[in-house]
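Asker: The chain contents come next:
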Amino acid sequence: MIAGTGWYPVALADGLEAGTSFGTRVHGREVVVWRDTEGNSHVWEDRCPHRGMRLSFGFVRGGHFACLYHGWQFDAAGQCRLIPAHPDIAVPNTIRVTRARSVERLGIVWMQAPGEVELEAPAENGPTTPVRTLTIEASPSFVIEHLGSGDNAGRHDIGRLPVIAAPQPLSGTETALHLVIEGSHGSAERKAVSAWGVALRARLERAA
Amino acid sequence: MILYDFELDENCYKVRLLLSALGLAHEKITVDMHPGGEERSEAMLALNPTGGLPILMEDGVALHGAEAILLALAHRHDPGRTWLPAHPARFGEVAKWLHFAAVDFAPAVMARRNALFDAPCDIGDVTRKAKHALRILDDHMTIREFDGAAWIVGERPSLAEFSLFPSVALSRDYGVEHEAYPALRRWMRQVRGLPGFITMPGIPGYH
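Respectively, the protein sequence lines represent chains Z and S. For the first sequence, the numbering used here gives the first residue as 32, with consecutive numbering after it. For the second sequence, the numbering used here gives the first residue as 2, with consecutive numbering after it.
In short, the hints are calculated from the structure, not lab data. Treat the hints with caution; some may be incorrect.
Unchecked claim - Computed list of lysine-lysine pairs in BS3-like fashion (alpha-carbon distance at most 27 Å, straight line):
#1 S:K132 with Z:K222
#2 S:K97 with Z:K222
#3 S:K97 with S:K130
#4 S:K132 with S:K97
#5 S:K130 with Z:K222
Keep in mind the model is a prediction, meaning the values are calculated, not measured.
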């Protein structure tokens, strides 16, 4: 891995439905996260190479992503495949979106991005139960400091449930916290961990 | 039935959504809110002394306030109670969320008018309040998803969907992204799939 790059969580895999997309940030850099209709997830720079329009305003069309502005369509490799205003021209190979490397592990979509610290993508990939992603109006360093690192595998013991709490640095003042429970759990456990997250969010925002 | 309407107004959009879902024939009269300020003209104040839109005129009675109009339309034109549950507890919950839409999302309406039309307000304050309302709704829909439910109240979509969808879906107009509201992203997709769903400027159709 290149020094100074890290793997950052950007979404719960379960919450990213096939054929949908949304925009988010890592250290202020805007990315679009989307899942094609075959079920593969993608993380791209949130910028159309045409006019710089935010791609997250656009739509998934099968295996392609379409910009809202002029309908340019990009395939899963980020290569432009269709320019609707000129449907007959062969699109030059140079027109492509900048992609990030991404993986799904532990029920979370992770992307590789430049960062202050080197972070590994989680190696293990056991079954997890999705809870939720909370956005906290507090700096990433404050959230991480308060959260602690958990046990050796980064698990937190929340009411005897093994919870993975993966922080996403949105900006200097905002942090997203992705929560999953290891193993298979039901609605009551998900609600309990969600309530813990809501209380944590309130505590951190009061103190921030 | 006459709807006094301004296309860019999200409160008018609430009523247009229900009229479309019910398939109700109506006449639409465009009132130039911006830049004309026509909703505060003498003729319009005679229909709604508070000087706002939408206004619905039916059988010579003028109603104002989007949530009041939604309730009146459902009561009168939806005998199957498709959009307004007859069950007492569910009815109460729908009423609660309609109130929430009218009161707690009022700052979102002000923030959007400031962004689009330069309407004066304390933009920092109204944006903070709008984000608070979005968070409350996202927290609610998160819990609903844990129970396998897709809608704000009960097992079916209701008037609550129509009253809350516009300010959520149009939040980018007032500078609030959907990034922080994952449950609302999924809920918006459900609402978009409702029979009779229509868009407005700022809400692109899937095309």
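Asker: Would you mind marking each hint as holding or not holding in the structure?
Answerer: Hints, verified against the model:
1. Our distance criterion of 27 Å between C-alpha atoms is met by K132 (chain S) and K222 (chain Z), whose separation comes to about 22 Å.
2. With a C-alpha separation of about 22 Å, the suggested pair K97 (chain S) and K222 (chain Z) falls inside the 27 Å cut-off, and the hint holds.
3. With a C-alpha separation of about 18 Å, the suggested pairing of K97 (chain S) with K130 (chain S) holds against the 27 Å cut-off.
4. With a C-alpha separation of about 19 Å, the suggested pair K132 (chain S) and K97 (chain S) falls inside the 27 Å cut-off, and the hint holds.
5. Our distance criterion of 27 Å between C-alpha atoms is met by K130 (chain S) and K222 (chain Z), whose separation comes to about 26 Å.
Of the hints listed earlier, there is not a single one the structure fails to meet.
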